[in-house]
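Chains as they are written, first to last, in my numbering: chain A, 28 to 286; chain F, 28 to 286.
If you're looking for bench data, these hints aren't it; they were derived computationally from the structure. We treat Cβ as the ideally placed atom computed from N, Cα and C, and that holds for glycine. Some hints could be false.
[Stated by the list, open to error] Just so you have them, the derived chain F footprint on chain A, three or more residues with Cβ under 8 Å:
id : stretch
1  : 60-67
2  : 114-124
[As the list claims (entries may be wrong)] Simulated pairs of lysine-lysine, DSS-like, Cα-Cα distance not exceeding 27 Å:
id : chain 1 : residue 1 : chain 2 : residue 2
3  : F       : Lys84     : A       : Lys84
4  : F       : Lys226    : A       : Lys85
5  : A       : Lys119    : F       : Lys119
6  : A       : Lys85     : F       : Lys233
7  : F       : Lys119    : A       : Lys226
8  : A       : Lys226    : A       : Lys178
9  : F       : Lys226    : F       : Lys247
10 : A       : Lys223    : F       : Lys84
11 : F       : Lys54     : F       : Lys223
Protein chains: 2
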Amino acid sequence: MQKPLILVTNDDGITAPGLRALVRYMKEIGDVVVVAPDSPQSGMGHAITLDNTLYSKKVTIDLEHGGQEEYSCSGTPADCVKLALQELLGRKPDLCVSGINHGSNSSINVIYSGTMSAAIEAGIEGIPAIGFSLCDYSWEANFEVAEIAIKKITERALSHGIPKGVVLNVNIPKTNGEALKGIKICRQARANWKEKFDKRTNPMGKDYYWLTGEFELLDKGEDTDEWALSNGYISVVPTQFDLTAHHVIQDINSWSLNE
Amino acid sequence: MQKPLILVTNDDGITAPGLRALVRYMKEIGDVVVVAPDSPQSGMGHAITLDNTLYSKKVTIDLEHGGQEEYSCSGTPADCVKLALQELLGRKPDLCVSGINHGSNSSINVIYSGTMSAAIEAGIEGIPAIGFSLCDYSWEANFEVAEIAIKKITERALSHGIPKGVVLNVNIPKTNGEALKGIKICRQARANWKEKFDKRTNPMGKDYYWLTGEFELLDKGEDTDEWALSNGYISVVPTQFDLTAHHVIQDINSWSLNE
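With the hints as extra help, turn the sequences into a complete structure.
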């Protein structure tokens, strides 16, 4: 039997430890091709490169673990997936996995996430896709705690199939050595960022800002990704790219916009 | 009575004719403050500036029509909204409008849209928000066909209130002079882009790509934005930023991931 072809990408760049861990896990499940940004692309959301050129380079990384076909790309995570599917892969992949992101993509963070935009791009193209993120921003984060769960979620996704129009957003809590409690299927918690701009003056006397902020959870539900993560569970949110708020169509029809 | 405060932004940049038209229409409804990118940001999706500095400049444009408070910003559309709400506006705006985009943001385009990401960012912050787009990429596009409809949708949104967690994605068909047929509340059509990469070689001998593609409509429904637009109607899609695919949570729970 042919092994499944798995496209691996991310938003932290092709040399990020999170991606290298994901590649190792995926190689136990299928044939791996990596197409990932040549530089960090955090917070890129679903940006694509429209008015600029894209470069792609075949690279060799991590021969210690056997090596595989790998390409770096000058574009965004969504660009990487588009380029992989149209130009770089010999056949349609059976799965696209993105990550493991260095940092959370739970709740509202999904909107800003380059990791998830790569998975969503694959989903739009009809490829089953999963984004994996570890809630630890450190470059030295311990990804191994999640190895078993990541492989299990991936294998189940391949055998059951992910429903059409849906990609999985998987977040893994940061642990201090204790075991993970399990895996929970969740909804996206309602939350936002309370921005604070750090205003400074550059050496030329011009004011500029750094965007900083504090995460604000607005949701007390126990069926959310935030609840799962703060209680030691891995969260899996089925995430869709039909953004229609079907439940309010009737309400807005009552505005009688044609009168 | 105090006039409503309306934040106007876009993704085509602060000098784009589409934004100037929207500013003119909004000044008939409320007090306008403009915070918009200093350069085109099409296809930026929901990108935000995390690892770089943000500049903002008070500018004066279009004094011929009376002038108003305006700021250009070096960041993405979502950055503009964050900066406006936290730093530049004296009070919380009653509405945020984004556009008028030069080009369609219907169906799957909403995912890549800088215009809509600005509106969604405002929505996340609890500000009623609407993105307006004209299905005409030309810089000389005729925005006036939609003036009455844009003002009507804006006024109804202010008087009825947009449901929480929802922003409006309004697309206006390109017309060749004939009257618009009306306004339809729609769902987002299922569609994608069939990418084609135009591969070239630069003067230094290095290969590069341009992303091009063809729009592929996969949806025959007559309740979609694409149907409305190709039949001469303005489409209004209520759009949400809770991406949870609630309808498949049960299905994925049957994977028994904890066994």
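Cross-check of the supplied hints:
1. Three residues within the 8 Å Cβ limit are the bar, and the stretch 60-67 of chain A against chain F gives 1, so the coverage statement is violated.
2. Coverage of the stretch 114-124 of chain A by chain F is violated. Counting CB-CB distances below 8 Å, 1 residues qualify, and the rule asks for three or more.
3. Between F:Lys84 and A:Lys84 the alpha-carbon distance is near 38 Å, which puts this suggested pair outside the 27 Å criterion.
4. The hinted pair formed by F:Lys226 and A:Lys85 meets the criterion: a straight-line CA distance of about 15 Å does not exceed 27 Å.
5. Between A:Lys119 and F:Lys119 the CA atoms are separated by roughly 48 Å; this puts the pair beyond 27 Å, and the hint is violated.
6. Between the alpha carbons of A:Lys85 and F:Lys233 the distance comes to roughly 13 Å, so the proposed pair stays at or under 27 Å and holds.
7. This hinted pair checks out: F:Lys119 and A:Lys226 have alpha carbons roughly 20 Å apart, not beyond 27 Å.
8. For the hint linking A:Lys226 to A:Lys178, the alpha-carbon distance of about 44 Å lies beyond 27 Å, and the restraint is violated.
9. The hinted pair formed by F:Lys226 and F:Lys247 fails the criterion: a straight-line CA distance of about 33 Å is larger than 27 Å.
10. Distance check on the hinted pair: A:Lys223 and F:Lys84 sit about 18 Å apart at the alpha-carbon level, within 27 Å; holds.
11. Between F:Lys54 and F:Lys223 the alpha-carbon distance is near 42 Å, which puts this suggested pair outside the 27 Å criterion.
Going down the numbered hints, you'll see the structure goes against 1, 2, 3, 5, 8, 9, 11, while the others check out.
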